[in-house]
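Using the sequences provided together with the hints, build the complete structure.
Protein chains in written order, with the working numbering: chain X, 1 to 199; chain W, 1 to 199; chain G, 1 to 199.
Just so you know, the hints here were simulated from the structure itself, not pulled from any lab data. Computed from a predicted structure; not experimentally measured. It is possible that some hints are incorrect.
Copies of one chain are not kept apart here, so a pair can be met inside one copy or by any two copies together.
To be verified - As a list, the in silico DSBU-like pairs of lysine-lysine whose alpha-carbon atoms are at most 30 Å apart:
hint	residue 1	residue 2
1	K146	K194
2	K26	K107
3	K107	K146
4	K107	K199
5	K199	K146
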Amino acid sequence: MTFFTFIEILGTLAFAISGIRLASAKRFDWFGAYVVGFTTAIGGGTLRDLMLSLTPFWMLDPTYLVVTAGALAIVIVLGPYLIRLNNTFFIFDAIGLGLFTVVGIEKTLAAGFPLWVGVIMGTITGAAGGVLRDILINEEPLIFRKEIYALACVGGGAVFWLCESVGLSAGFTEVFTASSVIVVRVIAVHYGLKLPILK
Amino acid sequence: MTFFTFIEILGTLAFAISGIRLASAKRFDWFGAYVVGFTTAIGGGTLRDLMLSLTPFWMLDPTYLVVTAGALAIVIVLGPYLIRLNNTFFIFDAIGLGLFTVVGIEKTLAAGFPLWVGVIMGTITGAAGGVLRDILINEEPLIFRKEIYALACVGGGAVFWLCESVGLSAGFTEVFTASSVIVVRVIAVHYGLKLPILK
Amino acid sequence: MTFFTFIEILGTLAFAISGIRLASAKRFDWFGAYVVGFTTAIGGGTLRDLMLSLTPFWMLDPTYLVVTAGALAIVIVLGPYLIRLNNTFFIFDAIGLGLFTVVGIEKTLAAGFPLWVGVIMGTITGAAGGVLRDILINEEPLIFRKEIYALACVGGGAVFWLCESVGLSAGFTEVFTASSVIVVRVIAVHYGLKLPILK
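Have a look at this one:
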């Protein structure tokens with residue numbers, strides 16, 4: 001297992017757990033919680049792949065199904081003790097957000113689209129799964145009101161553009177982009193930074 | 001008209017009627033009820049076809065539009081007397097669920113994907129229309145809390161795999177798979193079998 | 001800029017503003033309001049393009065992103081004074097609905113589908129963005145209960161068919177189709193015409 005795969009599994013796990021926990025608060029059954037967790041984890045990338053005319057990534061590799069099953073097992077076994085791990089899951093979630101943003105940008109560029117489409121697709125990859133989760137549990141999307149989240153992905157896109165402009169290698173560009181997303185999220189949550197409410 | 005087509009129309013009718021009845025409980029107008037009924041009937045298969053990079057099936061054959069119009073006429077004409085037909089519609093719905101699961105699995109295998117993708121697509125074909133219906137009428141998805149439903153499709157996928165493994169013909173595999181879904185649904189509703197609630 | 005482009009920008013602006021205003025009533029932040037406005041403006045056409053196996057139109061031209069930014073700026077700057085412009089926005093919205101219906105029909109025919117699919121895709125192009133908007137803000141879709149809206153698109157499809165049948169040129173067909181949608185909307189709102197509620 002490469003370091004990249006390890007990071008991706010951590011991020012998928014964090015996304016799936018966030019879906020399963022919110023589903024359990026709504027008293028969904030195990031199957032419903034699994035579906036909500038899976039949708040949270042793979043929803044953004046699926047939307048991206050459909051718009052890029054690609055086969056959704058999880059249909060080519062059963063890892064994501066298995067990781068979601070692991071997430072369900074963790075929630076069932078740990079139950080109320082999960083709250084003590086909130087900080088851990090927050091970090092996993094931020095790492096996943098950074099990585100998914102990079103994956104979304106690069107897959108879009110590889111499909112032949114310009115960078116501004118890549119930035120949108122990076123943001124969708126990172127943030128749309130959480131929106132689909134909130135639609136499934138019939139709540140207003142959380143990310144449109146909480147601390148800076150999707151905008152961190154857009155900022156990551158700007159960093160990606162900057163790195164490319166000054167001629168950095170692909171590896172450095174990826175690391176700087178993902179790190180910038182993670183740093184923005186950590187700072188936003190630490191200081192409670194939110195965008196202004198409209199009106 | 002083949003027996004297969006007859007079964008498909010029954011299932012489509014049952015799905016559309018379930019959507020139209022729930023829309024009418026929300027005081028939607030005729031057009032809104034039609035849209036909700038149509039989405040319930042074709043939503044799962046549409047999601048499947050988009051993910052398989054195929055043209056949504058209902059765009060190639062106007063039958064589904066016409067059957068949904070029939071469903072709307074039935075609900076308007078029969079009105080409150082529909083309640084007496086609840087058992088009939090339950091059976092139609094179970095038959096549709098079984099058939100749609102088989103169609104979803106076979107279309108996925110024909111597109112070159114492995115069986116585990118087929119089982120997911122069979123479940124989406126059978127159950128996702130009801131989830132889209134509940135999103136349109138702004139309710140929490142019913143199938144994540146009521147008697148075993150989507151899991152019956154997954155079980156049907158397991159039966160399909162078993163039939164293929166022992167070398168049964170395509171016809172027998174289809175009949176056993178669909179029947180297993182129907183039987184599980186009938187037993188689940190008769191005995192009120194539900195999955196455990198999470199937490 | 002051609003007249004066609006000018007009309008398209010007006011319609012996009014009206015759709016985006018309707019999304020942003022409803023998002024602000026839910027106290028979404030600026031980013032959330034932008035996403036809801038953008039989804040309202042491009043959601044119908046995106047759904048259409050995915051079902052026609054085409055790349056979503058807004059991924060090929062950044063105009064729609066920019067127009068949505070303009071819509072956000074208008075809502076922020078004008079704020080409560082927007083109410084006085086309600087009639088203006090209603091006209092823009094009706095013009096957009098007419099134009100989007102025509103675009104949806106023609107793009108579907110160009111992709112090789114028959115006219116009945118074109119009528120559905122024209123209706124989706126015009127009306128589905130508003131449904132996606134209402135799903136994002138967690139409300140029951142407005143168009144399923146208010147004055148005749150999506151049905152005006154279906155009526156426009158009938159006019160398109162009539163124009164083609166009698167051999168009118170493409171230009172006349174487009175103008176008559178869009179005008180019929182606009183006229184139906186204006187009459188429906190002026191006289192408060194609604195479809196019957198089901199049950």
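Verification of the supplied hints:
| no. | hint | result |
| --- | --- | --- |
| 1 | K146 to K194 | within (6 Å within a copy, 35 Å between copies) |
| 2 | K26 to K107 | neither (35 Å within a copy, 34 Å between copies) |
| 3 | K107 to K146 | within (28 Å within a copy, 39 Å between copies) |
| 4 | K107 to K199 | neither (37 Å within a copy, 38 Å between copies) |
| 5 | K199 to K146 | both (16 Å within a copy, 25 Å between copies) |
Checked against the numbered hints given earlier, the structure breaks hints 2 and 4 and satisfies all the rest.
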